[in-house]
Amino acid sequence: TCALPISDVEIIRRETGFSGFYRMDILTLRHRLFRGGWGPELRRELFVRRDAVCVLPYDPWADTVVLLEQVRVGALDKSERPWLIELVAGLFDDDESPEDVAHREAQEEADLTLLKLLPIMRYFPSPGGSDERVHLYCALVDSAGAGGIHGLDSEGEDIRVSVWPRTDAIAAMENGLIDNAASIIGLQWLAMHASRLREEAGARP
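Take the position in the sequence shown, starting the count at 1, then add 1; the result is the number in this note's numbering.
Rather than coming from a laboratory, the hints here were simulated on the basis of the structure. What you are looking at is a predicted structure, and each value in this text was computed from that prediction instead of being measured. A virtual CB, placed ideally from N, CA and C, is assigned to each residue, including glycine. Among the clues, some could well be false.
[As the list claims (entries may be wrong)] Taking lysine to aspartate or glutamate and the EDC-like style, the derived pairs with C-alpha atoms no more than 20 Å apart in a straight line are:
1. Lys117 to Glu201
2. Lys117 to Asp143
3. Lys79 to Asp180
4. Lys117 to Glu200
5. Lys117 to Glu97
6. Lys117 to Asp64
7. Lys117 to Asp101
8. Lys117 to Glu100
[What the hints assert, rightly or not] Distance ranges between label pairs, derived from CB positions:
9. Ile13 to Phe48: 16 to 26 Å
10. Leu118 to Arg205: 16 to 26 Å
11. Ser131 to Asp154: 24 to 34 Å
Please construct the entire structure, taking both the sequences and the accompanying hints into account.
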(Lines of atoms letter the chains of each structure in order from A and count residues from 1; the text may use other names and numbers.)
(Lines give C-alpha, C1' and ligand atoms only; values in the text may rest on other atoms or scores of the structure.)
Protein backbone atom coordinates (compact mmCIF):
# COMPACT_ATOMS: atom_id res chain seq x y z
CA THR A 1 0.00 0.00 0.00
CA CYS A 2 1.39 3.40 -0.97
CA ALA A 3 1.77 6.07 1.70
CA LEU A 4 -0.32 9.20 1.48
CA PRO A 5 1.40 12.16 -0.25
CA ILE A 6 2.76 15.29 1.46
CA SER A 7 -0.23 17.23 0.08
CA ASP A 8 -2.40 15.28 2.52
CA VAL A 9 -0.77 17.09 5.46
CA GLU A 10 -1.82 20.68 6.19
CA ILE A 11 0.48 22.79 8.38
CA ILE A 12 -1.80 25.36 9.96
CA ARG A 13 0.84 27.18 12.02
CA ARG A 14 4.57 26.87 12.52
CA GLU A 15 6.23 28.78 15.36
CA THR A 16 9.78 28.78 16.75
CA GLY A 17 9.80 27.65 20.36
CA PHE A 18 13.57 27.79 20.82
CA SER A 19 16.54 28.66 18.63
CA GLY A 20 20.15 27.94 19.56
CA PHE A 21 22.67 25.49 18.12
CA TYR A 22 19.55 23.44 17.43
CA ARG A 23 15.98 24.67 17.02
CA MET A 24 12.61 23.58 18.33
CA ASP A 25 9.58 24.39 16.19
CA ILE A 26 5.97 24.08 17.32
CA LEU A 27 3.65 22.88 14.56
CA THR A 28 -0.12 22.87 14.46
CA LEU A 29 -1.21 20.50 11.71
CA ARG A 30 -3.81 18.08 10.51
CA HIS A 31 -3.69 15.23 8.00
CA ARG A 32 -5.95 13.02 5.97
CA LEU A 33 -6.95 9.71 7.55
CA PHE A 34 -6.56 6.25 6.03
CA ARG A 35 -10.28 5.73 6.52
CA GLY A 36 -11.01 9.00 4.68
CA GLY A 37 -11.58 12.61 5.68
CA TRP A 38 -9.37 14.82 7.82
CA GLY A 39 -8.18 14.24 11.36
CA PRO A 40 -8.26 16.80 14.21
CA GLU A 41 -5.71 19.59 14.66
CA LEU A 42 -2.56 18.28 16.32
CA ARG A 43 0.18 20.19 18.16
CA ARG A 44 3.65 18.73 17.74
CA GLU A 45 7.12 19.87 18.79
CA LEU A 46 9.75 19.30 16.11
CA PHE A 47 13.49 19.16 16.89
CA VAL A 48 15.08 20.83 13.86
CA ARG A 49 18.71 19.99 13.14
CA ARG A 50 21.08 19.71 10.23
CA ASP A 51 21.40 16.34 8.56
CA ALA A 52 24.27 14.10 9.63
CA VAL A 53 26.81 11.86 7.95
CA CYS A 54 28.03 8.69 9.68
CA VAL A 55 30.91 6.58 8.40
CA LEU A 56 32.03 3.08 9.38
CA PRO A 57 35.76 2.89 8.51
CA TYR A 58 36.61 -0.67 7.45
CA ASP A 59 40.02 -2.10 6.58
CA PRO A 60 39.30 -5.09 4.32
CA TRP A 61 42.95 -6.15 4.25
CA ALA A 62 43.19 -6.51 8.03
CA ASP A 63 39.46 -7.20 8.54
CA THR A 64 39.26 -4.46 11.16
CA VAL A 65 37.06 -1.46 11.86
CA VAL A 66 38.00 1.90 13.35
CA LEU A 67 35.64 3.03 16.11
CA LEU A 68 35.39 6.20 18.20
CA GLU A 69 34.52 6.73 21.86
CA GLN A 70 33.25 9.99 23.34
CA VAL A 71 30.84 11.20 25.99
CA ARG A 72 27.29 11.86 24.79
CA VAL A 73 24.86 14.10 26.67
CA GLY A 74 21.88 12.09 25.45
CA ALA A 75 23.10 9.03 27.37
CA LEU A 76 23.70 10.75 30.73
CA ASP A 77 20.29 10.02 32.28
CA LYS A 78 19.83 6.51 30.91
CA SER A 79 23.23 4.82 30.84
CA GLU A 80 25.95 3.99 33.33
CA ARG A 81 28.37 4.34 30.39
CA PRO A 82 27.76 7.68 28.64
CA TRP A 83 31.02 7.32 26.64
CA LEU A 84 29.50 5.70 23.57
CA ILE A 85 31.34 3.59 21.00
CA GLU A 86 30.47 5.09 17.65
CA LEU A 87 31.25 5.70 14.01
CA VAL A 88 32.87 8.79 12.54
CA ALA A 89 30.06 11.33 12.34
CA GLY A 90 29.33 15.00 11.78
CA LEU A 91 26.75 17.53 10.65
CA PHE A 92 26.54 19.26 7.31
CA ASP A 93 28.00 22.74 6.96
CA ASP A 94 26.70 25.08 4.27
CA ASP A 95 27.05 23.81 0.69
CA GLU A 96 28.79 20.56 1.68
CA SER A 97 28.03 17.25 0.01
CA PRO A 98 27.69 14.11 2.14
CA GLU A 99 31.04 12.97 0.76
CA ASP A 100 32.67 16.27 1.81
CA VAL A 101 31.37 15.80 5.36
CA ALA A 102 32.59 12.20 5.48
CA HIS A 103 36.15 13.08 4.49
CA ARG A 104 36.30 16.15 6.76
CA GLU A 105 35.02 14.36 9.83
CA ALA A 106 37.24 11.31 9.29
CA GLN A 107 40.26 13.61 9.28
CA GLU A 108 39.14 15.71 12.26
CA GLU A 109 37.85 12.93 14.49
CA ALA A 110 40.20 10.06 13.69
CA ASP A 111 43.06 11.36 11.51
CA LEU A 112 41.89 8.91 8.85
CA THR A 113 42.06 9.11 5.07
CA LEU A 114 39.08 7.47 3.41
CA LEU A 115 40.12 5.48 0.34
CA LYS A 116 36.63 4.67 -0.96
CA LEU A 117 33.13 5.59 0.20
CA LEU A 118 30.35 3.02 -0.08
CA PRO A 119 26.81 4.31 0.52
CA ILE A 120 24.76 2.14 2.86
CA MET A 121 21.49 4.08 3.23
CA ARG A 122 19.78 7.30 4.26
CA TYR A 123 17.36 7.09 7.16
CA PHE A 124 15.43 9.10 9.76
CA PRO A 125 16.66 8.09 13.25
CA SER A 126 13.76 9.61 15.20
CA PRO A 127 11.04 10.91 12.85
CA GLY A 128 8.42 11.10 15.57
CA GLY A 129 10.03 14.29 16.85
CA SER A 130 13.05 15.28 14.74
CA ASP A 131 13.64 16.09 11.07
CA GLU A 132 17.24 14.85 11.07
CA ARG A 133 18.23 12.46 8.29
CA VAL A 134 21.40 10.40 8.45
CA HIS A 135 23.56 9.60 5.42
CA LEU A 136 25.32 6.35 6.35
CA TYR A 137 28.47 5.07 4.63
CA CYS A 138 31.08 2.38 4.91
CA ALA A 139 34.54 3.62 3.96
CA LEU A 140 37.57 1.54 3.02
CA VAL A 141 40.63 2.61 5.01
CA ASP A 142 44.13 1.47 5.90
CA SER A 143 43.88 1.02 9.67
CA ALA A 144 47.62 0.58 10.23
CA GLY A 145 48.68 3.25 12.72
CA ALA A 146 45.11 4.35 13.48
CA GLY A 147 44.26 5.17 17.08
CA GLY A 148 44.93 7.74 19.78
CA ILE A 149 43.10 10.81 21.01
CA HIS A 150 41.66 13.17 18.40
CA GLY A 151 39.05 15.86 17.84
CA LEU A 152 38.96 19.64 17.58
CA ASP A 153 39.97 21.55 20.71
CA SER A 154 37.88 24.48 19.46
CA GLU A 155 34.77 22.29 19.71
CA GLY A 156 35.70 20.67 23.02
CA GLU A 157 36.08 17.26 21.39
CA ASP A 158 37.87 14.48 23.27
CA ILE A 159 37.65 11.39 21.08
CA ARG A 160 39.44 8.10 21.68
CA VAL A 161 40.03 6.16 18.46
CA SER A 162 40.73 2.44 18.42
CA VAL A 163 41.00 -0.41 15.92
CA TRP A 164 38.78 -3.44 16.46
CA PRO A 165 38.75 -6.82 14.74
CA ARG A 166 35.50 -6.86 12.78
CA THR A 167 34.23 -9.92 14.64
CA ASP A 168 34.87 -8.26 18.02
CA ALA A 169 32.96 -5.14 16.98
CA ILE A 170 29.99 -7.22 15.82
CA ALA A 171 30.06 -9.17 19.09
CA ALA A 172 30.08 -5.86 21.02
CA MET A 173 27.01 -4.80 19.07
CA GLU A 174 25.26 -8.09 19.77
CA ASN A 175 25.92 -7.92 23.53
CA GLY A 176 24.77 -4.30 23.81
CA LEU A 177 28.12 -2.62 24.36
CA ILE A 178 27.60 -0.76 21.07
CA ASP A 179 24.08 0.62 21.40
CA ASN A 180 23.55 3.54 19.01
CA ALA A 181 21.60 3.30 15.78
CA ALA A 182 24.17 4.30 13.16
CA SER A 183 26.79 1.91 14.55
CA ILE A 184 24.32 -0.96 14.77
CA ILE A 185 23.06 -0.46 11.22
CA GLY A 186 26.58 -0.04 9.85
CA LEU A 187 27.94 -3.13 11.57
CA GLN A 188 24.96 -5.24 10.53
CA TRP A 189 25.52 -4.12 6.93
CA LEU A 190 29.21 -4.98 7.23
CA ALA A 191 28.38 -8.41 8.61
CA MET A 192 26.48 -9.09 5.39
CA HIS A 193 29.02 -7.59 2.98
CA ALA A 194 32.51 -8.02 4.50
CA SER A 195 33.35 -11.15 2.53
CA ARG A 196 32.56 -9.42 -0.75
CA LEU A 197 34.49 -6.29 0.22
CA ARG A 198 37.56 -8.36 1.11
CA GLU A 199 37.38 -10.24 -2.18
CA GLU A 200 37.07 -7.02 -4.18
CA ALA A 201 39.75 -5.07 -2.30
CA GLY A 202 42.71 -6.66 -4.04
CA ALA A 203 46.23 -5.96 -2.85
CA ARG A 204 46.74 -3.41 -0.10
CA PRO A 205 47.48 0.00 -1.69
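Hint check results:
no.: 1; hint: Lys117 to Glu201; verdict: holds (12 Å)
no.: 2; hint: Lys117 to Asp143; verdict: holds (11 Å)
no.: 3; hint: Lys79 to Asp180; verdict: holds (12 Å)
no.: 4; hint: Lys117 to Glu200; verdict: holds (15 Å)
no.: 5; hint: Lys117 to Glu97; verdict: holds (18 Å)
no.: 6; hint: Lys117 to Asp64; verdict: holds (15 Å)
no.: 7; hint: Lys117 to Asp101; verdict: holds (13 Å)
no.: 8; hint: Lys117 to Glu100; verdict: holds (10 Å)
no.: 9; hint: Ile13 to Phe48: 16 to 26 Å; verdict: holds (20 Å)
no.: 10; hint: Leu118 to Arg205: 16 to 26 Å; verdict: holds (18 Å)
no.: 11; hint: Ser131 to Asp154: 24 to 34 Å; verdict: holds (29 Å)
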